[in-house]
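Student: Taken in order, these protein sequences are the chains called A and B.
Each step along the first sequence adds one to the number in the numbering used here, with nothing skipped, and position 118 is 118.
Each step along the second sequence adds one to the number in the numbering used here, with nothing skipped, and position 80 is 80.
It is worth saying that the hints were derived from the structure and are not from the lab.
Glycine included, each C-beta is placed from N, C-alpha and C at the ideal position.
Just to be clear, a hint being listed does not mean it is correct.
[Stated by the list, open to error] Examples of chain A residues toward chain B, derived with CB under 10 angstroms:
hint	residue
1	S57
2	I281
3	L329
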Amino acid sequence: MATRAFQRLPTAPAGRILALRLVAIVLSLFIIAGVLALSGHSPLMLAELILRSTLGSRFGLEDLALFMCPLLLTGAAVTVCGTIGLWNIGAEGQFYAGAIAATGVALGLHGPALVMLPLMTIAGILGGMAWIAVPTLARAFAGVNEIITTLLLNFIASLLTYYLTTGPWRDRISGAQVSTQRLSVSIPEMWGIVHWGFPVAIMIVVGLALVLSRTRWGYEIRMGGANPEAARYAGIPVRLRIISVMLLSGGLAGLAGMFEVAGTVHRLQGGMANNFGYLGIVVAVLARGSCLNVIPAALLMALILDSGIVMQTQQLSASVILAITGLILFMIAIGDELAHYRPVATTPAKGKAS
Amino acid sequence: MIMLLTGMLATAVLAGGVLALAALGEVLAERVGVTNLGVEGLMALGAVTAVMTVSSVHSPWVGLLMAIMVGAVGGMVFAFGAVVMRANQVLCGLATTFMGLGLSTALGHSYAGQPVETTFGHVTIPLLSSIPIIGPALFGQNILIIPIYVLLPLAVHFIMFRTRHGLNMRAVGENPAAADAAGIPVMAMRFWYVTLGGAMAGMAGGYLTLTYVPVWSEGMVAGRGWIALALVIFAGYRPIIVTLSALLFGLVTALSFVGQAHNWPIDPAFLNMLPYVGTMAFIIVPVVVWHRMRRVMAAPAALAQPYYRDVR
Chain A
1 MATRAFQRLP TAPAGRILAL RLVAIVLSLF IIAGVLALSG HSPLMLAELI
51 LRSTLGSRFG LEDLALFMCP LLLTGAAVTV CGTIGLWNIG AEGQFYAGAI
101 AATGVALGLH GPALVMLPLM TIAGILGGMA WIAVPTLARA FAGVNEIITT
151 LLLNFIASLL TYYLTTGPWR DRISGAQVST QRLSVSIPEM WGIVHWGFPV
201 AIMIVVGLAL VLSRTRWGYE IRMGGANPEA ARYAGIPVRL RIISVMLLSG
251 GLAGLAGMFE VAGTVHRLQG GMANNFGYLG IVVAVLARGS CLNVIPAALL
301 MALILDSGIV MQTQQLSASV ILAITGLILF MIAIGDELAH YRPVATTPAK
351 GKAS
Chain B
1 MIMLLTGMLA TAVLAGGVLA LAALGEVLAE RVGVTNLGVE GLMALGAVTA
51 VMTVSSVHSP WVGLLMAIMV GAVGGMVFAF GAVVMRANQV LCGLATTFMG
101 LGLSTALGHS YAGQPVETTF GHVTIPLLSS IPIIGPALFG QNILIIPIYV
151 LLPLAVHFIM FRTRHGLNMR AVGENPAAAD AAGIPVMAMR FWYVTLGGAM
201 AGMAGGYLTL TYVPVWSEGM VAGRGWIALA LVIFAGYRPI IVTLSALLFG
251 LVTALSFVGQ AHNWPIDPAF LNMLPYVGTM AFIIVPVVVW HRMRRVMAAP
301 AALAQPYYRD VR
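Here chain B stands alone, though its shape is the one from the complex (with noise of 0.2 angstroms):
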């Protein structure tokens, strides 16, 4: 039984690992007023680059640090066509997800379903093995756990909540006309949170294949980026719940790997719906249930607006 929960609670820290930095990016992203429906292609993205860059290359590091280049400049497209030519949000997302699962997927061609031969920390998951017997959760996994469980979403906390800056930053999501006319960028702003966000988002895919699943495959991303986006909203756009509730949620995950490898009799394809259902349940049930989260959990005023300064 200690085994059984030691071995869900790994699995739920590596699956929520992925999330946690995608949401965290996407944070930054909508509480500058720019909601990235782009996220799920910038993780394909994230992910196949850094497969094809370790296996020329053989260091996770470089892998992930080419994963969180490509997602910058990813989220760079995205953010020239949402913010600075002021196009539709969730057509330039969509078109950046379509533009990244379909690059990822021709990049990858030639390296699916060869595993990835360097990958963070000596631990790996197999997908469907019995629960492998490894230390506590928190401190035997790779080296990443900490920066993206703790360092991360404390530093963005205290940046968004504690700094000018962050003050600046959550001014020019909630009303950028008064922001602009208080003299802050708010086109910079906007540019650069949304470039940082999409380097998250590839980020968080690189993670993907370097701990998680370390193997490229098409569709591997599965939906995890849409996921993330509905964590920034159940978490009310807050950097230290929404990595707490990546975390909840890759124990949602991590129950369907348990009960595949305990042979419950439930056919795997309903296990594996278990991370979607329980996303809808994360998103609608809290707003039924208490009306007035509502409120407390609103989105930033101004997110999805694009800002004109002449037409105010």
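Next comes chain A alone, as it looks inside the complex (with noise of 0.2 angstroms):
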């Protein structure tokens, strides 16, 4: 209950919600170090082993990197779309459709890497698009909510997946289970197992960025966020507007289901999303609407993961990490609500009007 020494602004300065974000933050691990303490762990036995191998050594910085790679697209996709108002929440799905695309090209044409490569970059970014273009439609021409949309088609991409996996595309050769065999072009690695989709993915958000902030379209996209009915007003085509930033949405995630499945994992497999389309979701609310801000939010989405690892070897389950992200996204979007609030002094408040 708001209480009247409180006054409540419609926007919350960024220094405030940054502080409040690390009382979030902080006040997170502090249950979380109970809980694992109730459990029979050392919280701090295990604080300081992660730090050791996550931030510690070339190997958990690799890893970092690699964790950092895709959540960077999938926090772009979702950011995008966030720009204009709407949730995907379906970047997992868009993520296994441009991975499955990818690897079909891979499968069903030989060459040169410097041919293979862009044009698994293109089939990665159709299939992604591919997949978000009927809640796209659904929402533009009829309004339907794309929350649940884009959500349910996750589910039938994961089933894809599965069966193209153990189907049609299973691997004959080693005898993996629910895999492909490996793929015969990868992009190139730079750094250790650091592949170059890493710095091109930090390209593409960094070129977000400007596009969003510096061009017309990015413009009217915001626009439509902000206000749907003066930016129609306005002569904003917003139906139209809505197509592109969702379809734009859907290829940065299937492109991220590309860099993943040539550059880390070599192959298409079942599971290989592993969450990050949800977590591109967090990264976008950590970000706020901003795409330069997707960098050190998926930074910190990326330390998570890279912790979850440590965890497991400690004999910790790998869900462990998703209950931990929930409780920090929770904690966060409470800590964002409270940013809003502002002390009035003893003289009472003038009603500011929203």
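Dock chain to chain to rebuild the complex, using the hints, since each chain is given by itself in its own frame.
Tutor: This is the structure we're talking about:
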């Protein structure tokens, strides 16, 4: 219950958001440490171990970059959709669709990597776009809630991946389960196991930030998100912008799938999306609608995932990381809301029209 | 043929019951203006709680009760963020789903794959076996069918549309400021109905493992929470229609079982896609075909909008 000692501002200052998020994260860490201590683990020892094997080792840093790569793109996918006020909860499915399309090209065609990689990239982007096409059209022309349609397609994409990797595309050579054979082409590596997809992903995110802030198209998107009625009145074709933004979003998530399949996993595999699509939502939330902020947000999320690997070596279930992510997201959602409140001085506040 | 239809209907009733419970709970939450996207996670928590309880207490009733309580607690956690703190409802809901899915998998780790020995009734439907020969789908099933399909929806319908309390409740979802001015406790109403919705999601999870799929495995809720959310939109936030559409939806699920049992020349993966494809068709087709339905079946006006008394 808001008391009259506080006044709610329509926008929250960035500094206060940052401060409250730090509080939220620290609070979450305390809760996690408490639960771990209760279940018989030593939180301090675990924290030291995590720091040493993530930021403190080359192997950990390489893993960090590999985790960041898909998160940057799925995070950007959810962020661009968010600028026009829509939620793309289906990045997971678009990720699979992109991975499937890229794998299809790699399995079906043969040629030098210089030809194959661009073709796979295009296929990946188109795959992601195709996967979001139905929700896009339903949203643009019939006003159907995009949250549920994009989400349902995740399950379909994951089943399709399962079908392909156990059926027509299954690995006939090494007999690996739920997986295709190793693809003949891969994105070249630039630093240890980190492939060139990583810097490309960063460049894409920076480029998107520029497009959104500097071009007419980006301005129209932001207008459409801030006030669709006003945007329509100003002559912006909101429906067309919704279509273009959602397709772009799907394409970005599809590209993430292509990078993962060609750079990191080297084969289409059941479960390879690894929640990257869902975690993209968390990244986008942390980024608060700014593409540039996607980079530190993806870094934080990658750090959490990297810590998850360490925790698995300590007999903690991998799913604990999903619960931890949920807790941090929950606390940050509350922190972001609290950042809107300003203590009011003794003089009665003038009601601010919103 | 008759046996096939009986079996299909039996599966439909069983499968639809899970959705009916979760969707009815969500109708309660959305009617007071709160979208709870945490249903999937709360169902997973309910499902694992039921399995864990039954393995030590051996009573399905205690298991179901625990699932309801855990769902209520989860609903309260969500309501604390989304209603009391007024944080973004989409985020709080997703966070609840993440927490629920993660926690349930971690908790159920040592129970995975073990069959639940005490379930409701004697009718268990094995997933991929042939259609069992059982009595009429509505009366030869477990004891919970009647409460789920008849008592609960009728009670919710009566309270929502025939009592003053129900009028107040809907007012909170349509125009919280006016409701507040009329002296209706907006916050309390939202908090408790979201909690009740969470309890029903937990119950849906418990029902899932205690009747329908009596074994815990990771990812076993498999999007049923999201399908329930879609059904609420499809049914226009009406308790009786939502229950009937859950049954219709159970038929779609049953169809994929029948296909697998009869070795239709379609890969099981595609049959398993049916519920999700069906749900998409459910929420897209009606709006496209009947344009006017959009107004009749519209969401509560204040849905997903936090209410601030001071900012008016």
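Student: List, from low to high, the hint numbers that the structure doesn't satisfy.
Tutor: Failing hint: just 1.
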